[in-house]
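Asks: Work the whole structure out from these sequences, hints included.
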Amino acid sequence: MARMKFLCDADRCIECNACVTACKNEHEVPWGINRRRVVTLNDGKPGERSISMACMHCTDAPCAAVCPVNCFYTTADAVVLHSKDLCIGCGYCFYACPFGAPQYPKVGNFGSRGKMDKCTYCAGGPEADGSKEEYEKYGANRLAEGKLPLCAEMCSTKSLLAGDGEIIAQIYKERVMKRGYGSGAWGWKTAYRETIES
Amino acid sequence: MLIKRTHQHSPRQGSVVESLAARAGGLDRRSFLRKSGVAGGALAALGTMPLGSVRKAEAAKAGPLTEGATIRKSICTHCSVGCTVTAEVLNGVWIGQEPSWDSPINRGSHCAKGASVRELVHSERRLRYPMKLVGGQWTRVSWDTAINEIGDKLQAVREKSGPDSVYWLGSAKMTNEGAYLFRKLGAFWGTNNTDHQARICHSTTVTGVANTWGYGAMTNSYNDIRNAKTQVVLGGNPAEAHPVSLQHLLEGKELQKANFVVIDPRLTRTAAHATEYVRMRPGTDIPVLYGMMWHILQNGWEDKEFIRQRVYGFDDIKKEVEKWPPEEVERVTGIPGEQLKRVAKMFATEKPATLIWAMGQTQKTVGTANVRASCIALLMTGNVGKAGAGANIFRGHDNVQGATDVGLDIVTLPFYYGLAEGAWKHWSRVWEVDYDFLKSRFDSKQIMETPGIPLTRWFEAVTLPKDQVAQKDTVKAVFVQGHASNSITRIPESLNGLKALELLVIADPHPTTWASLAVEAGRKDGVYILPVATQFECKGSRVASNRSLQWGEQIVKPIFESKDDLEVIYLMAKKLGFADQMFKKIKVENNLPEAEDVLREMNRGSWSTGYCGQSPERLKAHMKNQAKFDMLTMRAPKDDPEVGGDYYGLPWPCWGSPEVKHPGTPLLYNTNLHVMDGGGTFRPRFGIEREEKLPDGTTRKVSLLADGSYSLGSGIQDGYPEFTLASLKKLGWDSELTEAEMAVINKVNPANPDTVSWALDLSGGIQRVALAHGCVPYGNGKARMNAFGLPDPIPVHREPIYTPRVDLVAKYPTLPDAKQFRMPNIGFSVQKAAVEKGIAKQFPLILSSGRLVEYEGGGEETRTNPWLAELQQDMFIEINPADAAERGVKDGGWVWVTGAENNSRARMKALVTERVGKGVAWMPFHFGGWFAGKDLRGNYPKGTDPIVLGESANTITTYGYDPATGMQEPKVTLCQIAAA
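From first to last, the protein sequence lines stand for chains W and B.
In terms of this note's numbering, the first sequence is residues 18 to 215.
In terms of this note's numbering, the second sequence is residues 2 to 981.
What the hints contain is simulated information worked out from the structure, not anything from laboratory work.
Heads up, some of the hints might be wrong.
Derived BS3-like pairs (lysine-lysine); straight-line CA-CA distance at most 25 Å [what the hints assert, rightly or not]:
1. 190(W) / 230(B)
2. 629(B) / 639(B)
3. 585(B) / 161(B)
4. 585(B) / 575(B)
5. 230(B) / 175(W)
6. 175(W) / 195(W)
7. 164(W) / 319(B)
8. 195(W) / 352(B)
9. 101(W) / 123(W)
10. 943(B) / 133(B)
11. 101(W) / 154(W)
12. 62(W) / 342(B)
13. 74(B) / 175(W)
14. 621(B) / 558(B)
15. 820(B) / 195(W)
16. 629(B) / 164(W)
17. 919(B) / 935(B)
18. 62(W) / 473(B)
19. 319(B) / 342(B)
20. 625(B) / 164(W)
21. 473(B) / 820(B)
22. 62(W) / 258(B)
23. 621(B) / 190(W)
24. 164(W) / 101(W)
25. 586(B) / 62(W)
26. 324(B) / 305(B)
27. 195(W) / 258(B)
28. 935(B) / 500(B)
29. 175(W) / 629(B)
Replies: Next up, the structure:
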């Protein structure tokens, strides 16, 4: 089975936010919930760089480790998903997540935030693939259709890569070798406990 | 919302998010803006609703997601890159977007706008039905009532004040077919007051570039930039304005290890990826370019052979360049000599080099001269007509190149034929209407051949005294179909125009700021709003910046009571009584003209620009076979049965009739290719020789034809003039014309068929024969460094009308006052008065404006899209930390921005950033719906107000018009900022 990962090439990201609106479009994500967003470092200064961020679908995901109701599960493709039926909106996963991925529909304290929502790697949830129930709770299931996450597929500069970890690491490695620079596979050490040597 | 990387409750020490925030050293543009929370009251509620309950069209998506869905392809409507949009449609509902992998242009990619276009069609805030303002209230009316009342009023205006008192403002968002018909509507109505957004984006490019080497368009393509060894961006921020182009720019930079130079007053998102960033003072493009040329000439880096063979006027330029040694360039532009020398060396010696520009060069009183100077720099270094080189002019709207080509313009009929009698006669032949009938529609033959009023001056054409507007009467009615009002400078003065109009018609998917400002101006009646479909609900061709035509399918039928542009135009023509004449050769069904048939009519008349070969059938075959085109060359394999050998989108010129099977021209003026493979030469458009005065008082004649340079396989191995029947006879090639072709030529000009040219011959025979001999129909001339005939034949630096450098105005003044385009241009008086009154002391900051990636143009459409609006919720102004500190302005705090005219003021947030240099402030130009601190949300028809409103940059912008085009000057003026 493939081990699905995300990789954002910061030397290509131009903060165009296509990944953000592609996600909104594909899953009809409501106002206020941002499964993906772009963060800019040194905004307006020399060395400005942007990175597209979402749930990285970590190895031994810390969200799953702290969840009191065990609502998280990892698919055969190593995508970290959760059940909104089990989620109690406690917010622990948000505190545990190094990427700030979990989102809540409401502002409030424990239990009143509503069901947690996050990037599904366009892989839906526990319901039957492509079912109405799955779509309503989690959005589209592109993986089941043999497609990859739309954010990466629509990236304007091919900065955001999604797919089998080994393949996208290879693409990135070749890219860095060819152009002679690269700022590394951002977030990989935290998420996957590895980096890409180039 | 909870999740912000700068969220104060971020609890985990050492989390990646937190460390990022710390490294970023403060807030970035977006988190700063979003920190304020959600925008309007309605959305605040939305944010607290549970997931799922706000979803639209969910029924359509039920079940296995795409089962039974069909795929339809159209073109993104948000910039000129020309990204294919792939839509999944189920039961007439657009249920999803998929990546368009097959498009050689976007290869699956989109930007924020392209990835969210589906919402435009679903939007609940779209106009639903026609409305009119009755006693200050927006009231629903039927289409029939609206068209009848509008038509009657237009006729009344016509009878009282003449046809020129109606201003027809069209759109770069129309398809070619829509824009062409809109221009034709103006012609049949009897006026040249027909304009569109090109006036305020690249009119100066079209004029300046066409006057240099023949055609006013991007010479190469986005894809071809991959071949460049040096990319110089001067006056553009494609990372935000043309994001998908960055795919080609950045990959080119990586693969070629290319120099990527950005020269700009702001350290833009594009500059963030540059190998060299050069900060300049706004409004000094010509000194920057001459400064580069000074180093080039000083070091002998110019391309001498190229200049000798293909350039006219080099000596004149040399003299001007001598005035710009490094010290003077630094004094005027602020750029150190050594840095500019480095850039000049790359540009001239690490070739091919391309110069990329957009509105940073064009939107100035010296816009035409700016782009001319850019062309001259390219000519001097031999960087034109080659892969990886060229003037890569990034146009704005998706079809602004096309709308310009099809003549939705005040200075010409379709396809740059001009307005002279010969042009009208050409089109009357194509339209098969009597020339005298067309003439009878105008007030006079003289006004029929006089350029109209630029849209930048529409409100002055309403409010100026009658004797200052050189037509029968001032403008009384404006019919605007697809154009924002807040994109036009001097909004405070436009309110007077809105108030004084007798009739305002707004035909658009959204009410736009025309509606909200008309109400603000005090109007209680005389305003109509017609709901028009987006281009995703229409079919037709669009032209990307690289001159490729792409056929878009109708994705879904027009929603609510919206109508296709073409239908609205037809209904108006019918009501006004000339539909039968205007649509004589075009099939119309249920009031909807058939787009294919409109294109066929264009094919029949567009010989001058080479739009004659792009039949609807060929364009559709290209869309169907997208995957076959090479990404780099954009060419399909020669053996393909449907599109073999074609370049993608048949980039114009695509010579001859469709049967000639010309492949299109991917790079203009490329002599390394045969003309039938897309090769070309510079176009001799300004005579074949010129009499020059010598210092001793004598004159000499200098040839304007190319010298020993010609396109590959040319039957004439030297320069040659345009082809006419007479020149074919001279060459002995006229015998190759068929009898049928000769019959048509004789019909075009029975009295003197010898004068019939390649552009007027409706048979295409002259073009066919020229091509058969490897010759370019328009001839083979020299490009002009000296563009005699323009206000500044040699580009001259002129300070902006409102400049902080009053010390430079005496040496570099703007041009004297003059009458242009039926109106007075008093720029010189305004500049002089500003200096005398010490305006620069009162308003010491330079104000510039530009793009945000999430929004487009006036922004009403994109600010209505929640997926985009959420990302940019507040109007803001960028201010340098030093300037902010002097004024006690805090990052994220409210400020009042005041302008140099009309006591203008605007309230917005401050973004304190080093992105702008000291003394420079910058605003995005997409906001509207506020005026002078007042929220105008209540002025929109109920339920159609954009989600995000804000002050318009153009509330603060000021006087200033390019003498050659009427272009406005929103890129450089003066302002003051104070904490609110």
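Asks: Now tell me, hint by hint, if it's right for this structure.
Replies: Taking the hints in turn, this is what the structure says about them:
no.	hint	verdict
1	190(W) / 230(B)	holds, 23 Å
2	629(B) / 639(B)	holds, 10 Å
3	585(B) / 161(B)	violated, 29 Å
4	585(B) / 575(B)	holds, 12 Å
5	230(B) / 175(W)	holds, 21 Å
6	175(W) / 195(W)	holds, 15 Å
7	164(W) / 319(B)	violated, 59 Å
8	195(W) / 352(B)	holds, 20 Å
9	101(W) / 123(W)	holds, 15 Å
10	943(B) / 133(B)	holds, 13 Å
11	101(W) / 154(W)	holds, 7 Å
12	62(W) / 342(B)	holds, 24 Å
13	74(B) / 175(W)	holds, 22 Å
14	621(B) / 558(B)	holds, 19 Å
15	820(B) / 195(W)	violated, 57 Å
16	629(B) / 164(W)	holds, 22 Å
17	919(B) / 935(B)	violated, 29 Å
18	62(W) / 473(B)	violated, 55 Å
19	319(B) / 342(B)	holds, 17 Å
20	625(B) / 164(W)	holds, 22 Å
21	473(B) / 820(B)	holds, 16 Å
22	62(W) / 258(B)	holds, 23 Å
23	621(B) / 190(W)	violated, 39 Å
24	164(W) / 101(W)	holds, 23 Å
25	586(B) / 62(W)	violated, 58 Å
26	324(B) / 305(B)	holds, 21 Å
27	195(W) / 258(B)	holds, 9 Å
28	935(B) / 500(B)	holds, 18 Å
29	175(W) / 629(B)	holds, 21 Å
Hint violations for this structure: numbers 3, 7, 15, 17, 18, 23 and 25, all remaining hints satisfied.
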